[in-house]
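K.L.:
Sequence:
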Amino acid sequence: MAITNKAIIELYKAENGLPVNYPLYTWAVWHNMGYRVRKGEKCKHRVQMWKMGTKKDGEGNIVNTGRCFHKTMSLFTIEQVEKITASKMGAVFFYLYMIYHTTRHKPTEACYSRFKTIGV
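For the sequence shown, counting from 1, position 103 maps to 178 in the working numbering; every step adds exactly one.
Keep in mind that the hints were calculated from the coordinates and are not lab data.
Warning: the hint list may mix true and false statements.
What the hints assert, rightly or not - Here are the simulated lysine-lysine pairs, PhoX-like style, with alpha carbons at most 20 Å apart:
#	residue 1	residue 2
1	Lys88	Lys117
2	Lys146	Lys126
3	Lys158	Lys117
4	Lys126	Lys81
5	Lys146	Lys88
6	Lys81	Lys146
7	Lys119	Lys81
8	Lys117	Lys146
9	Lys158	Lys114
10	Lys119	Lys146
11	Lys146	Lys130
12	Lys130	Lys88
What the hints assert, rightly or not - Across the chosen pairs, the derived CB separations fall in these ranges:
#	residue 1	residue 2	range
13	Glu85	His106	15 to 23 Å
14	Thr129	Ser149	29 to 37 Å
15	Asn139	Gly92	30 to 38 Å
16	His106	Gly135	17 to 25 Å
We treat Cβ as the ideally placed atom computed from N, Cα and C, and that holds for glycine.
Kindly generate the complete structure, drawing on both the sequences and the hints.
P.N.:
This is how it looks when you write it as structure tokens:
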């Protein structure tokens with residue numbers, strides 16, 4: 076029976092005396108939740124977790140290979156991250172940033188034209 080990454084993190088918390096509800100995520104998970112790791116922060120926790128293998132197909136799209144492997148992942152705590160806000164980036168850049176990081180697609184001309192119509 077395979078163990079999931081979520082279960083691996085829960086076991087790590089139990090072994091190290093961390094509360095069960097203590098937020099402990101990788102950089103990518105924090106990023107997808109709208110946070111960024113503060114500049115200069117070093118990870119406090121390293122855990123061996125599963126990573127899905129990927130490759131590019133003939134059209135340049137990234138596809139899963141169906142194989143998994145162990146990789147040491149860096150985990151960050153809530154004290155090491157900050158919420159990404161528009162005031163830290165500028166409204167236009169923030170909007171484009173959130174489109175890209177929630178859809179994984181580069182902003183299209185339609186995104187830029189939206190700002191032209193409102194005079195930004």
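K.L.:
Are the hints correct? Go through all of them and say.
P.N.:
Outcome of the hint check:
1. Lys88 with Lys117: The hint holds at about 18 Å.
2. Lys146 with Lys126: holds (6 Å)
3. Lys158 with Lys117: Judged against 20 Å, a Cα distance of about 18 Å means the pair holds.
4. Lys126 with Lys81: holds (12 Å)
5. Lys146 with Lys88: Since the Cα atoms of Lys146 and Lys88 sit roughly 18 Å apart, the hinted pair holds (cutoff 20 Å).
6. Lys81 with Lys146: Between Lys81 and Lys146 the Cα gap is close to 14 Å, so the pair holds against 20 Å.
7. Lys119 with Lys81: Holds, at about 18 Å.
8. Lys117 with Lys146: holds (18 Å)
9. Lys158 with Lys114: Holds, because 13 Å separates the two Cα atoms, which is no more than 20 Å.
10. Lys119 with Lys146: Distance ~16 Å between Lys119 and Lys146 Cα, so the pair holds.
11. Lys146 with Lys130: holds (17 Å)
12. Lys130 with Lys88: Not OK: Lys130 and Lys88 at ~32 Å, beyond 20 Å, violated.
13. Glu85 with His106: 15 to 23 Å: holds (21 Å)
14. Thr129 with Ser149: 29 to 37 Å: violated (19 Å)
15. Asn139 with Gly92: 30 to 38 Å: holds (35 Å)
16. His106 with Gly135: 17 to 25 Å: holds (23 Å)
Comparing the model with each earlier hint shows violations of hints 12, 14; every other hint is respected.
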